[in-house]
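Participant: These protein sequence lines are chains W and U, in that order.
Note that the working numbering numbers the first sequence so that position 45 is 45, with each residue one more than the last.
Note that the working numbering numbers the second sequence so that position 88 is 388, with each residue one more than the last.
These are computed hints drawn from the structure, not numbers from a lab.
It is possible that part of the hints are untrue.
[Said to hold, decoys possible] Under the rule of at most 20 Å between Cα atoms (straight-line distance), these lysine to aspartate or glutamate pairs were calculated in the DMTMM-like manner:
(1) 322(U) x 433(U)
(2) 355(U) x 310(U)
(3) 435(U) x 14(W)
(4) 355(U) x 306(U)
(5) 438(U) x 48(W)
(6) 436(U) x 48(W)
(7) 149(W) x 175(W)
(8) 438(U) x 132(W)
(9) 318(U) x 17(W)
(10) 406(U) x 34(W)
(11) 436(U) x 5(W)
(12) 210(W) x 194(W)
(13) 59(W) x 421(U)
(14) 49(W) x 465(U)
(15) 289(W) x 252(W)
(16) 436(U) x 14(W)
(17) 49(W) x 344(U)
(18) 409(U) x 34(W)
(19) 449(U) x 4(W)
(20) 409(U) x 339(U)
Everything numeric in this text was worked out from a predicted model, so none of it was measured.
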Amino acid sequence: MNREELLHKWLNDDLSEEQTQLLKEDSTYATLLDIAQYSSQLETPEFDKATAYVAIKQKTTPGKTIQLTPWKTIAKVAAMVAIVFTVYLFVNSLDTTINAQFGEQITHVLPDDSDIILNAGSAITYNKNDWEQNRDVNLTGEAFFKVAKGSTFTVSTPLGQVQVLGTQFNVYARDNDFAVSCFEGRVSVSLNDEVVTLTKGMGVNWSNGKMTTTQKSELLEPYWMHRESSFSNEALVNVLNELERQYNIKIEAQGVDTNRLFSGSFTHDDLTIALQSICNPLQITYEVKDNDQVVLHEAK
Amino acid sequence: MEPNQDVCKEAVFSQVYKAHAKAIYNFVYFKCGDSAQSDDLVQEAFVKLWNNCKKVPLAKAKSFLYTVANNTFLNEVAHKKVVLKYVGEKTPRSNHYSPEFLLEEKQFKERLDSAIANLSEAQRTAFLLNRIEGKKYKEIADILGISVKAVEKRMSQALAAIRAEITTFNK
Chain W
1 MNREELLHKW
11 LNDDLSEEQT
21 QLLKEDSTYA
31 TLLDIAQYSS
41 QLETPEFDKA
51 TAYVAIKQKT
61 TPGKTIQLTP
71 WKTIAKVAAM
81 VAIVFTVYLF
91 VNSLDTTINA
101 QFGEQITHVL
111 PDDSDIILNA
121 GSAITYNKND
131 WEQNRDVNLT
141 GEAFFKVAKG
151 STFTVSTPLG
161 QVQVLGTQFN
171 VYARDNDFAV
181 SCFEGRVSVS
191 LNDEVVTLTK
201 GMGVNWSNGK
211 MTTTQKSELL
221 EPYWMHRESS
231 FSNEALVNVL
241 NELERQYNIK
251 IEAQGVDTNR
261 LFSGSFTHDD
271 LTIALQSICN
281 PLQITYEVKD
291 NDQVVLHEAK
Chain U
301 MEPNQDVCKE
311 AVFSQVYKAH
321 AKAIYNFVYF
331 KCGDSAQSDD
341 LVQEAFVKLW
351 NNCKKVPLAK
361 AKSFLYTVAN
371 NTFLNEVAHK
381 KVVLKYVGEK
391 TPRSNHYSPE
401 FLLEEKQFKE
411 RLDSAIANLS
421 EAQRTAFLLN
431 RIEGKKYKEI
441 ADILGISVKA
451 VEKRMSQALA
461 AIRAEITTFN
471 K
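So here's chain W without its partners, still in its complex pose:
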């Protein structure tokens, strides 16, 4: 048996001690045996059997699609998040509306700490979301504004616009009447193409397209904020409408000329006194019925 054959036998583990000894006597083969022996001490990198098995099972389980399931779940969650987010954005982008019912006055604080006092039967809407960029309030009815200093503040009404930079003013916008009174600072009022600038104590009044400026006033706040409504040469119909709003009543004027003018005021605290304040000077009789109905007659 030659040495090469002995070497292979040794590598195959079936060589006797003497034969091994014989191989070792040859220096070439002694080196080969060293090489062979050291080689058997080598090891391959770690192989994670368990993890690989899980991976195999995933790849071999048809129908269950284990791999896809988490994606489906993720997709569901993502869709829900998207919907919630969209609804949130939508709700957030909606305008805020503040509504003062008949018979009530509401004070509302805007995001920039500006105050709005709403007279009875009035409403404002504005967008809380982009308030910083767009200080814009839509008004129907009557309200008093105490505007905090800052960027332009606009009050839009169906009739005209009021623009200010930190001031106090009253805006009245009902039917065809649009009136603005300035109590502090300066305001700029625009209706159609007309622009009027008001300073403290000044007021302007559009009635059916006709503009009149009111007398300079020393008032700090409008009358209605002190539970009183005041009129100067005002059509009776408007006075009665205001009365309806303040007391949340229905007024029926039978045979009474409601285009007559009225100058005076009425309180918000006592209907009887208020009715007397209006009716007595105009020689009108009134009759308070149940369910908040009031009927007016021309005095005989």
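Use these hints to put chain U onto chain W, whose structure you have.
Facilitator: Okay, now just chain U, sitting in the frame of chain W:
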């Protein structure tokens, strides 16, 4: 086919996996030297075995796995340097642990390492199957689909090549 011989049975398949996964991994690693790719090829081989479990009897499962691993390897694997590490601490050469000897042994191991990496893929696979996996020539011949004579030839060539590289250094 007896039920406990059916590779399609989860339990049987799992047994086959436990018995051969590491060996297949090593086999591929001897060839390519890339642990991640070896991982992939092991998985692929077992996935193929599962998909073909009806056609492959238990007795043939092992050779099926080697064949699949080998074929897949030939198809796609990029070769990398085979990196192995030593595990045994016992030294066959001597019981004297003189500093000179330890240094010499360290150098010997380093050269052996690089010499193995420089072998041809065919030589290295046969050589390491024998040395690390402790497989007999007959088994290696079966795995590689060659004759025992061819295995002998590869072993001789591998040893000679390694010896040549190591003794060159020594001179």
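Participant: Does each hint hold? Answer for all of them.
Facilitator: Hints versus structure:
1. The straight-line distance between the Cα atoms of residue 322(U) and residue 433(U) is roughly 10 Å, inside the 20 Å bound, and the hint therefore holds.
2. Restraint check for residue 355(U) and residue 310(U): the C-alpha separation of about 16 Å stays at or below 20 Å, so the hint holds.
3. Distance restraint check for residue 435(U) and residue 14(W): the Cα-Cα separation of roughly 12 Å lies within the 20 Å cut-off, and the hinted pair is therefore satisfied.
4. Distance check on the hinted pair: residue 355(U) and residue 306(U) sit about 10 Å apart at the alpha-carbon level, within 20 Å; holds.
5. For the suggested pair residue 438(U) and residue 48(W), the alpha carbons sit about 29 Å apart, so the restraint of at most 20 Å is broken.
6. This hinted pair does not check out: residue 436(U) and residue 48(W) have alpha carbons roughly 26 Å apart, beyond 20 Å.
7. About 31 Å separates the Cα atoms of residue 149(W) and residue 175(W), which puts this hinted pair outside 20 Å; it is violated.
8. A threshold of 20 Å between alpha carbons decides the hint, and for residue 438(U) with residue 132(W) the separation of about 85 Å lies outside it, so the pair is violated.
9. About 35 Å separates the Cα atoms of residue 318(U) and residue 17(W), which puts this hinted pair outside 20 Å; it is violated.
10. The suggested pairing of residue 406(U) with residue 34(W) holds, with an alpha-carbon distance near 13 Å, which does not exceed 20 Å.
11. Restraint check for residue 436(U) and residue 5(W): satisfied, since their Cα atoms lie roughly 14 Å apart, inside the 20 Å limit.
12. As the CA atoms of residue 210(W) and residue 194(W) are separated by approximately 11 Å, the hinted pair is consistent with the 20 Å bound.
13. Restraint check: the Cα-Cα separation between residue 59(W) and residue 421(U) comes to about 30 Å, which exceeds 20 Å; the hinted pair is violated.
14. Taken as a hint, the residue 49(W) and residue 465(U) pair is broken in the structure, with Cα atoms around 35 Å apart against an allowance of 20 Å.
15. Distance check on the hinted pair: residue 289(W) and residue 252(W) sit about 11 Å apart at the alpha-carbon level, within 20 Å; holds.
16. Our distance criterion of 20 Å between C-alpha atoms is met by residue 436(U) and residue 14(W), whose separation comes to about 10 Å.
17. For the proposed pair residue 49(W) and residue 344(U), the alpha carbon gap of about 14 Å is at most 20 Å, so the pair holds.
18. Restraint check: the Cα-Cα separation between residue 409(U) and residue 34(W) comes to about 10 Å, which is no more than 20 Å; the hinted pair holds.
19. With a CA separation close to 12 Å, the supplied pair residue 449(U) and residue 4(W) stays within the 20 Å bound.
20. A C-alpha spacing of about 27 Å is found between residue 409(U) and residue 339(U), which places the hinted pair above 20 Å, so the restraint is violated.
This entry does not satisfy hints 5, 6, 7, 8, 9, 13, 14, 20, going by the numbered hints stated previously.
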